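Whole structure, please, built from the sequences with the hints as guidance.
Mind the numbering: the sequence shown is residues 14 to 384 in the working numbering, read in order.
Honestly, the hints are just simulated from the structure, not real lab data. Here the structure is a predicted model, which is why all the values come from computation and not from measurement. One should not assume that every hint holds.
Claimed, not checked - Below are the SDA-like pairs computed for lysine to any residue, each with C-alpha atoms no more than 20 Å apart in a straight line:
id	residue 1	residue 2
1	K234	L220
2	K54	Q22
3	K307	N261
4	K272	N261
5	K54	E110
6	K234	L303
7	K122	A155
8	K102	L89
9	K265	D215
10	K234	K265
11	K144	D204
12	K102	S173
13	K239	E270
14	K162	D115
15	K102	S62
16	K92	S62
17	K182	S28
18	K144	R91
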Amino acid sequence: MELQLDQYQSLLGLSRSENLINGSFELFIDQAIHVLSNELKVSRASFWSYDVENELIFNELLFDRNTNNQTSGEILLRKDYPNYFEAFKNELAILAEDAAEDPRTREFKENYLDAFDIKSMLDVQVSIQGKLFGIICLEQIAEKREWKKSEELYVSSVASYIAQAYIIKLKNKEEQRRKQSETNYQQLFLDSPIPMWVYDMDTYYFLDVNTAAISNYGYSKEEFLKLTIFDIRPDEEVQMLEHFIKTNKRKKWSSREWKHQLKNGEIIDVEISSDWTTYRGKDARIVIALNITKEKKLIQDNEISLNKFKDFAFYASHNLRGPVSRLLGLNKLLKFEREKNESSDSTLDHIQNTIVEIDEMIIELNKMLEK
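Structure below.
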């Protein structure tokens with residue numbers, strides 16, 4: 014059952030393959046299938062991946078040595094070939110010298126074996142951590158072939174390299190995901206123009222802060238990491254924050270207004286949005302701190318201006334309306350007296366007094382607007 018020298022050399026070549034080392038899984042499959050076909054002089058060699066959820070195998074690559082053609086994409090369902098799928102529960106390999114009669118493979122006779130004149134099959138499972146991952150299938154056409162145990166061993170060795178290539182591929186993907194995650198973290202957290210930080214939910218110490226937080230709050234990163242979230246609050250809000258944390262500690266998302274105190278003692282208004290997360294294995298919350306001090310002052314100033322306008326409108330509509338109405342009435346009276354060639358010093362006096370009253374009210378309105 015020993016391998017031949019050329020088989021050892023081909024396995025050594027696969028073990029040193031750049032496709033294997035780099036986790037280029039699809040390229041390594043192509044390489045391994047061609048090596049199997051050429052080394053064992055088999056008519057057809059293929060690799061089928063196993064889909065456990067949908068109970069099927071999918072042809073990733075089939076190489077026909079006689080025609081030098083490659084195909085892929087065929088699907089075989091467990092429900093159509095139950096004996097074949099069941100065999101791999103207890104067997105690592107199927108050595109079928111007469112594939113049309115072997116109980117494990119004869120289900121393929123009408124739809125597959127006869128169509129391609131396949132006489133013998135050697136199928137070896139590719140497993141990862143004891144679970145079926147795929148199948149290497151070798152097929153001899155035209156005439157039957159008695160498979161040797163050494164050939165089974167050789168194919169099993171190639172199967173182990175295929176499994177290894179896939180594991181390396183997953184590790185590479187995980188590494189790429191980690192690097193992408195670090196890039197996203199850099200872009201979304203460290204480079205954000207809005208102050209952000211992460212704090213420990215057990216100790217309340219800062220675990221990380223971004224550049225905007227350092228710039229806006231006046232602390233260096235080293236200083237920040239020695240502080241707790243209570244240290245950037247004015248004294249009057251510490252107790253309120255303690256109560257809020259106790260009642261909202263595990264809340265997925267929260268947002269509300271707070272007051273923060275900068276290193277120089279300045280108090281600012283902030284809109285705090287936070288979410289639960291994990292940071293280096295610790296329960297933590299990530300926080301976005303939006304400075305809304307100017308916006309709140311603008312709103313307050315607008316409210317003051319609105320109140321002034323309301324006072325102005327009330328004064329104008331209630332206090333000024335009376336003298337103006339009297340003036341209009343006196344003007345009509347004066348006009349009536351002139352038409353009758355009558356003169357009334359009393360009417361003129363009333364007009365003069367009313368004008369003075371209106372002038373005083375206008376001065377008062379100007380004072381209201383200047384406040």
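Each hint tested on the structure:
1. K234 <-> L220: holds, 10 Å
2. K54 <-> Q22: Answer holds: K54 to Q22 is near 16 Å, not above 20 Å.
3. K307 <-> N261: violated, 28 Å
4. K272 <-> N261: Roughly 18 Å between the alpha carbons, so the hint for K272 and N261 holds.
5. K54 <-> E110: Holds, because 16 Å separates the two Cα atoms, which is no more than 20 Å.
6. K234 <-> L303: holds, 19 Å
7. K122 <-> A155: holds, 14 Å
8. K102 <-> L89: holds, 17 Å
9. K265 <-> D215: Holds - the C-alpha atoms of D215 and K265 are around 16 Å apart, at most 20 Å.
10. K234 <-> K265: violated, 27 Å
11. K144 <-> D204: violated, 44 Å
12. K102 <-> S173: holds, 18 Å
13. K239 <-> E270: With a Cα-Cα distance of about 24 Å, the restraint between K239 and E270 is violated, given a limit of 20 Å.
14. K162 <-> D115: Since the Cα atoms of K162 and D115 sit roughly 18 Å apart, the hinted pair holds (cutoff 20 Å).
15. K102 <-> S62: Roughly 16 Å separates the two Cα atoms, so the pair holds.
16. K92 <-> S62: holds, 17 Å
17. K182 <-> S28: holds, 15 Å
18. K144 <-> R91: holds, 16 Å
The structure is inconsistent with the numbered hints 3, 10, 11, 13, although it conforms to all the rest.
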